[in-house]
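2 protein chains.
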Amino acid sequence: MARTQGSHSDITGPKVREAALRLFARHGYAAVSMRQIAGEVGVQAGALYNYTPDKQSLLMDLMKGHMDELIAAWEHQSSARDPMAALEQFTRFHIRFHSKRPEAVFISYMELRNLNPENFIVIEALRRTYEDVLADILRAGVNKGEFSVPEPKVAAMAVIAMLTGVNTWYRDEGRLSLAQVEEIYWGMVRKTVAA
Amino acid sequence: MARTQGSHSDITGPKVREAALRLFARHGYAAVSMRQIAGEVGVQAGALYNYTPDKQSLLMDLMKGHMDELIAAWEHQSSARDPMAALEQFTRFHIRFHSKRPEAVFISYMELRNLNPENFIVIEALRRTYEDVLADILRAGVNKGEFSVPEPKVAAMAVIAMLTGVNTWYRDEGRLSLAQVEEIYWGMVRKTVAA
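Note that the protein sequences, when read in sequence, are chains A and B.
In terms of UniProt numbering, the first sequence is residues 1 to 195.
In terms of UniProt numbering, the second sequence is residues 1 to 195.
Don't read these hints as lab results, they were simulated from the structure.
Take these hints with a grain of salt, some might be off.
Copies of the same chain look alike in the list, so a pair counts if it fits in one copy or across any two.
In silico lysine to aspartate or glutamate, DMTMM-like type, Cα no more than 20 Å apart, as pairs [said to hold, decoys possible]:
id, residue 1, residue 2
1, Lys-191, Glu-88
2, Lys-55, Glu-18
3, Lys-153, Asp-172
4, Lys-153, Glu-173
5, Lys-191, Glu-151
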């Protein structure tokens, strides 16, 4: 019986997160009820509490899950030791990773306001960890004399904002392929930090 | 009597918009009721309909007002004919204008999803108008041989995303003054489009 219960939970847990992600992105966290999420999943409202204690936990799961995945994916694929090569890798990685997750990216920026204070601190720390990845690449390039970046942390936030901005306009069916977009942005990022 | 009514409306209209801006930015459009907005203004819910026909009109007023103000402010202060000088002016203007209006900027990006289709078309057109200001500066610089920008429209969106990103981290009480932030970003923008 425990096994059946476990399997059921394994299937429904992701469904609950997917439904919450979709509804939060569409209507905003504050406008979505646990009842609506249950309806989207196709379970009774009461059953939802087998999978999550409350709506705040669901939001935190989504936001922390997104940041954990982002940082793990970077660590998994990061290989370049040369600052210029690492910067190119980061640029292409960031665009690809975020373009595949428009709803999670949207929520990550928009719903910071709805995290409770303890959760906010955790998410802010994860964001800083990710920004520091890029800031460290920039510092390494400055030390090597290849980059000129007066404020590495500010430049990291500026480049990340530029790259995440792709999500506001890129469409798969558009004139430019994602590979072309990567190429254009890499050309700009390279110049932005050039010595 | 007409004069009294007019004066009263002149005072309450801006108060309604300010209250709606504050509440939409805090909770999201979908989670805010006309009753809440009335409560924030200090009038009866029914009285609100003297100032706005519905919540969608209020959202549209805020978003269109923000874009109209942005475009008018740029046209008012824009003076440089030289592309490099115009780009510097645009960079500093964009940071200053947006840093003073965090709630309006937040809503302008977040609540696009809640505009009805006719209103969405109007706002999209205004955004394109503003992006074209920068794209035209970039094209002029390319023609003069001062900038190298393979895709002026994409570069305009990239630079605007970078500059608007200041709002996500800049604080008046922080280490850097807004003047220093302008200087750092101008240094990056200049290089981003450099020939």
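Structure-based check of each hint:
{"no.": "1", "hint": "Lys-191 x Glu-88", "verdict": "both (12 Å within a copy, 17 Å between copies)"}
{"no.": "2", "hint": "Lys-55 x Glu-18", "verdict": "within (13 Å within a copy, 29 Å between copies)"}
{"no.": "3", "hint": "Lys-153 x Asp-172", "verdict": "between (32 Å within a copy, 17 Å between copies)"}
{"no.": "4", "hint": "Lys-153 x Glu-173", "verdict": "between (35 Å within a copy, 17 Å between copies)"}
{"no.": "5", "hint": "Lys-191 x Glu-151", "verdict": "both (15 Å within a copy, 15 Å between copies)"}
In this structure, every one of the numbered hints holds.
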